[in-house]
Amino acid sequence: MPELVSELTTVPDRAEARPRAAKAPRRARRRGGWVAWLFAAPAIAAYALFVLVPMARTVQYSFYEWDGIGASPWVGLDNYVRVFTDPELSGTIVNAFELIVFFSGIPVLLGLAIAATIRRIATSRLAVVARTVLFIPQVVPLVAAGIAWSWLLSSDGLVNQLLAAIGLDGVTRAWLGDFATALPAVGVIGAWVLLGLCTLLLLSGMSKIDPALYEAARLDGAGTLREFFSITVPSLRQEIGVCVTVTVIAALASFDIIYIATQGGPGNTTMVPGLEIYYQAFVERQVGVASALAVVLVLLVLACVLPVQRLTREES
Amino acid sequence: MRRHSSHRGTVIGVIMLAAALVAACGGPGSDGPQSTDAGTAPTEKPTCGKDPVTLSGYFETGFPTPKALTDEFSKQFTNVKWDIREDQFAVITQNAPRVLADDPPDLMRLPQVSELVGDNLLKNLDGYAKVFGWDKWPASQLEQLRMEPGGGARGEGSLFAMGLNFSVTGVFYNKTLAERIGMTAPPTTLAEFDDLLAKAKQANITPIVQFNGGATGGFAFPLQNLMAAYGEPGPINDWIFQKPDATIDTAANKKAAGHLEDWIKAGYFDRDANAMDYAKMMSKFLAGDGLFMFNGDWESGNLDKQLAGEVGFFPLPTEKGGKVATMSAPLTFGIAANAEHADCAAFFLDWVATNADAREIAVEVGGSHPMGPADAPMPAVAKGTVTAETLDVGARLAEDNGAMDFIANATGSIYAKSWTPQLQKLFAGEQTPDGLLEAVQSDYESQVGR
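So the sequence lines, in the order shown, correspond to chains A and B.
If you want the numbering used here, it's the position in the first sequence, counting the first as 1, plus 48.
If you want the numbering used here, it's the position in the second sequence, counting the first as 1, plus 27.
Derived from the structure by calculation, the hints contain no laboratory data.
Honestly, I wouldn't trust all of these hints.
Covered by chain B, per the in silico footprint, the following chain A stretches (three or more residues, Cβ under 8 Å) [as the list claims (entries may be wrong)]: (1) 107 to 118; (2) 225 to 231; (3) 314 to 327; (4) 331 to 342.
Virtual Cβ for every residue (Gly too), placed ideally from N, Cα, C.
Work out the full structure, taking the sequences as your base and the hints as a guide.
Here it is as structure tokens:
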């Protein structure tokens, strides 16, 4: 009984003792901390100089009307109002969301299917070839890819030649110069680039799945499809999360492919925020509007990516 | 998880704080007063002296004329050396303000000057013009380079840049294809030209090969030529020079845009014009894949070399024939406001227009008319070349007083952000001729801050 009493009375003590106990190591940690900070200092300085300061500057510029050289009157939130009310600017955001379908949807869905197929033939030479072929777009510089695709998609390019060869002369067109097809055509280029990355990520994720799970499922009489949806997809939650995150960012912040393939044309149908920021800052010399659009773009990317992160991380 | 988000909160907080601090420091850029400097007033012609001097230049990639001129200049004035850097014109356009402000070159290829003058980045050349006698040249040569100091309308006021030569635009045609449709001489009325287009279409020849893709809508060339075919060049120039109350949305221009739409609907252009860039247009024309091409004499030398004797040139005729008008602009070069060797650079600019060897380079290498007094000797050019034909058109233009600046030069962004998307829409049938002019006029007004 006295033991029990002492137990009971020491409980609050212990609770208090915890921070006290933690204090001593923390002091030690603080001493070590300075050394750590010292080691990190060059990296922090570089990060601050090349990332934080430009970010802060961008936020600052977004409140001014500035041509990059001359005087700059304070305009408050006017630039932000313009981003949302000028259809030319807000239209770019709509286009970016349409691109997500191509940049994220196709690579992730198709990547899952392809990765599952490759895994089944994992030991054959064909799998190695397939992996390599799919990953090559990641190695090719985007500018070169953009140029090659604009040749493929031109009115006398390979795509139209193939269509004509199978009797589909009626649908041939200058894919990148047509109002209806320019944005999907650009999307296809993006999907081609990102498909390899997603496939490889998903494939490596699949190799970590315990084969016993598949065996158990098979014993329970599950078919290939059932296996895929009940074991493969749920186990790849994190990898899918990474794929979606990377590709959504690529879609919203796209610039290079579009700059090379269409430069935003025809008639602004493929204009995306990244390209519009560039035009506003360097062609229209509206640094304030460009900065405001850049800030909106960053917030937009965060708003899209953070929920994806949360959804795919929750169970782990 | 909670620790994570609190960290994130700290980071965001720090960024916000930093932003607020920076913002509190005041706006970026210089608030300097607008210069009223009327230029140095030299009393005698400046020279490059006798001491070794190195001039810094910022030129356009792919155009050999300036380099050929500086080489010849160094041959004649051995104390002068050049430190030249080159970029694509689009890059020069984007960088011009910052380069002129941070690293002022002695001589620089310039885009449209009005915004640069507004920011006091260019040297006022009035003083040089006086001692060298540039103000006695035909006024139309330098009109596009004049502006009130500190900004305002272009076309009059102080001189802020010079040309190395001045180019003329119009219609190039492939003589072999022309023969096939029975065209023996350039058309003299717009109706005759329309007739030739129809004949070419019937003969299964692409009537007009013209680029209209990317960020540079090449349909601005035929459109402006049609504007001049239906109306006077004066009001168009007023609009380009940002004169008060000028408008592009006029009855004559509506007819011109309507005429362009008729050509589009008749299928006179390539089906993929909206996906064609300038380089592709050139390679198609050089390959004989089109009868006509609206372009400028900067290609004359190239065409004479690659399709010798095969190509002709004429200005687009007007509705009733007679006087012609077309785009003609100096190959614009300027001196930075803070250039180190401004005097020597000005001497070079004068030499380009007056020295016989330099004038020959302007024609032979550049394919364009040299700058300078009206009675200056013209270099001899071989008959039957495109260069000879473009020079003739240049002379005719001076007689008819028909030189216009390019509608794409009205503001810094009117081409990429207004003409190009609107012309692409017109080609795709998504815009009407009237709607096109209305849209461009409304963009123009917001850009010039009316």
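Could you work out which earlier hints the structure fails to respect and list their numbers in ascending sequence? Those not satisfied: there are none.
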